[in-house]
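Engineer: Sequence:
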Amino acid sequence: MKHKAYPIAEFKALDAEQGVFEAIVSVFDNVDRYGDRVKPGAFANTLREWEAKGRPIPVIFSHDWGNLDAHIGKVLEARETERGLYVKADLDLEEDYARRV
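Once you know that position 90 of the sequence shown is 100 in my numbering, the rest is easy, because the numbers rise by one and skip nothing.
In case anyone wonders, no lab produced these hints; they're calculated from the structure.
You may find that some hints are simply not true.
Claimed, not checked - Beta-carbon label-pair distances, calculated as ranges:
hint : residue 1 : residue 2 : range
1    : V41       : H73       : 11 to 21 angstroms
2    : I70       : Q28       : 15 to 25 angstroms
3    : D46       : D106      : 18 to 28 angstroms
Virtual Cβ for every residue (Gly too), placed ideally from N, Cα, C.
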């Protein structure tokens, strides 16, 4: 599986002191700089799998799964919208790396 990092399409800090934010992290039907297009439904199976696990989806800075410092929080809510993949997440501000993001 290839991982690519892109700027977040929309971001809003809901509670900056607590590290809570919401964002559209992937926009549907947009052709990216690599020529890829994410279609609606692309995240449906993965979101169902995470829900079935009963564990929160981790927030990983820049898709750097191998770097434990890059594990900076957890997703509180994730769903597909008409625009793309929406997440509401909570950064672990006790971790220095998360505070710097």
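Engineer: So, for every hint listed, does it hold in this structure?
Structural biologist: For each hint, the structure was consulted:
| no. | hint | verdict |
| --- | --- | --- |
| 1 | V41 with H73: 11 to 21 angstroms | holds, 20 angstroms |
| 2 | I70 with Q28: 15 to 25 angstroms | holds, 20 angstroms |
| 3 | D46 with D106: 18 to 28 angstroms | violated, 33 angstroms |
Violated hints amount to a single one, hint 3; each of the other numbered hints is respected by the structure.
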